[in-house]
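Turn these sequences into a full structure, and let the hints guide you.
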Amino acid sequence: MKHKMSREGWKPSDGIVLEDAAQKALVAEGNELVTAGPGSGKTELLAQKACYLIQTGACPKPYRILAISFKKDSATTLFDRVKQRCGKETAGRFSSYTFDGFAKIILDHFLDALPTQCRPSRDYELNNVEMIQALTGIPKQRTTDALLNRAALPLVGSSCENTLWKKLLEGTGPKGTSQLTFQMAFRLVLYLVETNSDVATLIRDTFACVFLDEYQDTTELQYALIKELFLNDRTCVTAVGDSKQRIMLWAGAMPKAFERFKSDFSPKSFELLMNHRSAPRLVDLQTRMYKSLGEQPHPVATSSAWEPDDGKVSLLISEDPSDESKYLAQDITDKIRDGLPAREICILCKQKPKDYTVGLVKELAGNGIRARCENEVQDLLSDDLVILVLDILLISIGSGDSSIRASAEQAIALIMGVLEKQSAERYQMFLVELSELYQETYILCKNTKCKNDLEKVMQHVLDSLGRDAISSNYPAYRQPLSFKKLTDTLSRYLWSEMEEAHGMEAGIKSLLGDGVVPIMTIHKSKGLEFDSVYLVGLEDSAFWNFKYQPDEDRCAFFVALSRAQRQATFTFCRHRMGRDQSHDGINEFFELLSNDKVATVIRI
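The sequence shown begins at 1 in our numbering and counts up by one.
Label pairs and their in silico Cβ distance ranges:
{"id": "1", "residue 1": "P174", "residue 2": "D584", "range": "53 to 59 Å"}
{"id": "2", "residue 1": "D540", "residue 2": "E295", "range": "20 to 26 Å"}
{"id": "3", "residue 1": "L273", "residue 2": "L481", "range": "45 to 51 Å"}
{"id": "4", "residue 1": "Y548", "residue 2": "M5", "range": "51 to 57 Å"}
Keeping only pairs whose Cα atoms sit at most 35 Å apart, straight-line, the calculated DSBU-like set for lysine-lysine is:
{"id": "5", "residue 1": "K262", "residue 2": "K61"}
{"id": "6", "residue 1": "K312", "residue 2": "K71"}
{"id": "7", "residue 1": "K352", "residue 2": "K312"}
These are calculated hints, taken from the structure and not from any lab test. Nothing here was measured: the structure is a model prediction, and the numbers come from that model. We put the CB at the ideal spot given by N, CA and C, even for glycine.
The following block contains the structure:
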């Protein structure tokens, strides 16, 4: 049995050395607000704080730590970091969800506590956009959300908005499967905890500490839920964020999120001033933007691994996309031929990445390099069950390395409720069953000739693992329809990759991004980092809303810049998509990049 460590004797694991402000935030008691700029190591801070709280008994048993992120991959990365730094035992008391995932778990657990007139069916579907549009007859999700938000739960009366709610709750199909938007789910959960003290108490008694990642993007509904549940004398809330990266106002993020948290939670405040990610020249450009972002230009330190002149910023000005594509394709090709992995390069766009990069994708393909828009697959590949299914397929066809095998074995054992320490004999039986699963899956994979065959392979894997057992371990799959959505979506994407790559092994690796240059919007790049970043289309037409939301678009530019470790390239075309382009509206970006001490201007 492990004894808890003393708080004074505890040290960060794996020899990690944190900056002074991070070390103070890590051991501080009570509520905290940590301002953490790009590359400051906030994921490391939260992971080490989780270890500290559990290992020293500051978060005593049986309490857990709850971490809430905005993106699936961020939630997964944080959980993996805790497990990596502090082991499975510590990670076993650490719950890492997205806001939507956290709300869904509460709704699933306490659904029967809702009044019947606003209670969805047990097999409700969440955010099936096509079905919601068919039921409401409203083409735009924002319009639907605006109407739904006007309703007052528990839906007494027959107002227009109440009728819309009831139509979606009545749902589709012979069983009446409810169709919920994310906001509906949040409203139901907030209503639950506001009106049912038993539900709220059970949740509070589960979590002693709460981490809010990317706090600057928190919406009113999300904040209301956190405040209702965790503004008390027992729960410690740590909010980590950066106002310079606030790019979700369009999605409802609170304009004054930090002020609200300070007013309500009275936190201790800390500011991280180290940038572990970017080279000095890129950090210098980031710092030069602080004034336009309404921030004081605090000195930001860079890693000692960099030389003072490391880093490169370029502004490429071309006449048309053809010239632009040829130049960028050659630059990217040279990097890959020099040994830089394709996944260390990212092509960003403010909007419509397929339209802005069609020529570049073709030029790269001509050089034997594949580039792919990641917006559609990013959420899919951040799903733990999706990764497990793909790992099982790789192992079954003889392509999984030892790390994949070990990870899959551990995940499958957890699903099946098998633990090594239970009994050596039982675990050996499990390994035999696992071998049979791989052999049976191999036969099915070998005979896969079309997408329908691929769906059957995935159904076999899910059935072998046990769908009820999967539901218990993966809350997102507690509705039966979620399995069909998984097999439909994953088989569609994987079959497309298999046709492109000519085979299952190559198709799986391609779907996972092996050897593929990612293309995405700036919003999708939040939380990610790459050696080299190319922002295509620094033009008024791409930043068309700048005059109405200048602060958010400045933050978007800052986010794009801060994804890069070593090189950031921005492009402007004088003629694109059949019309002349300008940069009058966003000229402040050009003035910044035109400074020869900041960037190299390339004209072609």
